[in-house]
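Enquirer: Chains A and B, in that order, are what the protein sequence lines are.
Here our numbering is used: the first residue of the first sequence is 314, the next is one more, and so on.
Here our numbering is used: the first residue of the second sequence is 314, the next is one more, and so on.
These are computed hints drawn from the structure, not numbers from a lab.
Check the hints yourself; a few may be wrong.
A pair holds if it fits inside one copy or across any two, identical chains being indistinguishable in the list.
What the hints assert, rightly or not - Simulated crosslink set (DMTMM-like; lysine to aspartate or glutamate; CA at most 25 Å straight-line):
# : residue 1 : residue 2
1 : K587      : D452
2 : K441      : D567
3 : K321      : D504
4 : K441      : E570
5 : K509      : E410
6 : K515      : E419
7 : K441      : E534
2 protein chains.
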Amino acid sequence: MSAESILKRTVFFISDGTAITAETLGHSLLSQFANVEFDMRIIPYVDSEETALAAVQTINRAAVDDGCRPLVFDTLVNPAIREIINTANALNLDVFEGLISKISAEIGVQPSPVVGHSHGGVDTQNYKSRIDSVHFALDNDDGARTRHYDVADIILIGVSRSGKTPTCIYLALQFGIRAANYPITEEDLDDNRLPKVLKEYKHKLFGLMISPERLVAIRQERKANSRYASFQQCQMELRAIQGIYTSEGIPWLDVSEMSVEEIATRILQVAGLKRRISG
Amino acid sequence: MSAESILKRTVFFISDGTAITAETLGHSLLSQFANVEFDMRIIPYVDSEETALAAVQTINRAAVDDGCRPLVFDTLVNPAIREIINTANALNLDVFEGLISKISAEIGVQPSPVVGHSHGGVDTQNYKSRIDSVHFALDNDDGARTRHYDVADIILIGVSRSGKTPTCIYLALQFGIRAANYPITEEDLDDNRLPKVLKEYKHKLFGLMISPERLVAIRQERKANSRYASFQQCQMELRAIQGIYTSEGIPWLDVSEMSVEEIATRILQVAGLKRRISG
């Protein structure tokens, strides 16, 4: 088979749990191969002989349909289950292979595999921190309330649709950070200064910046052909908010080319925030 | 060094991007070692000689402080950067090692490493789906509105504090699913049937169930020593809602022992929902 002929491959992520680990790693690895189209499928909760045999059937069907064998990323810890998966017509990429034994040798402790608990199950303290932070983000979204800003870890500001809300929620879910957000409106921008209510929390403020092109595209989706979504309006708002960030000395980040994960991780780093949960 | 003496180890997750991949995999691997305390630290955006040298210093300091060398998980794609990290006094666990070359041999395509883009950067369609779904979850949280239920992918129901909101938000962020949620109140339970507004969307309903012990613990955090948080009240509500799930034939899930990720992944599977984004 020549390299040119292989442009599409089916990929399976298989786990006895959510398969999030296998999927996350697989995505990273596969993104290193440009120009190949991967059809990615997740098979979670493979924790019995039956579910493993069903997975093998699914994999084999894909092999026949594609005319070439699929890639399989697995994080299975039960050897009997893995043996069944290994009978499939596929390239098996055991994510844990080698690493477990290296760690074991280094720390001098034998692994104690627990099926389906590779994500640690319910850590009560972590669970509580996450849920509390998610509710904090919801209650303090879009400037809805400002009276809890004294307990916020961070307050995101930016123009409408610059990505504040999803970033706050991701900060809460992934890191347990209590993040509020406040939209800087046209009125605020006309005054060319921070809204009064934000002044005393200036040390908690963090600005989002976005390119006018991208802001136009996002706003067009919401209100097509409106003044709100026009290039001129977007550019005006962004210039004005950039002026406020600069004159007030507020740290900010250009998020135009970033995913929500990247924005949240960068903010954590730039603002020097300490995560409240271990991940 | 004897096995007994090693109870604590410092672990670093290092990447040229967010380090989420290294961290996710590392967590899974380390959870296989019970009784060992891992102090986990993330060093994201190691993408230059300077940041790599700073990381080495941090690792070496931990080695001195701990009296034993740390574990380092990295997903670095730049060989020059990785070489610097490898000079640290640590056990280096290269997450990508071996896997990239296996995939390359199988598909007959050479990898084209792009630093800092292992998460694929901004995929505009994915970004839009996620953001739209997050806003949908927020707008349709806690029964706030019901007029958009016709475009919902799923509507979660359950008693107060059974985990509906964080699950909806996770479904949106991770899978691009449009998830609404509706709290079943005591009044609804007294009537022993579904609220009227939900009847026509019965095929989209999915119930959350939780143990009375866990519900008491969660509600105690919110309103300590209230009737709302009493065992009797929680048990009564849960029995009543279980009756509704059964009589109405609504699929449901016991989430008492699950993390938010697990709840969302299970629901996706049980309800047969198709994710709108690739992860």
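Enquirer: Taking the numbered hints from earlier one at a time, note which ones the structure violates and give those numbers from smallest to largest.
Expert: 3, 5 and 6
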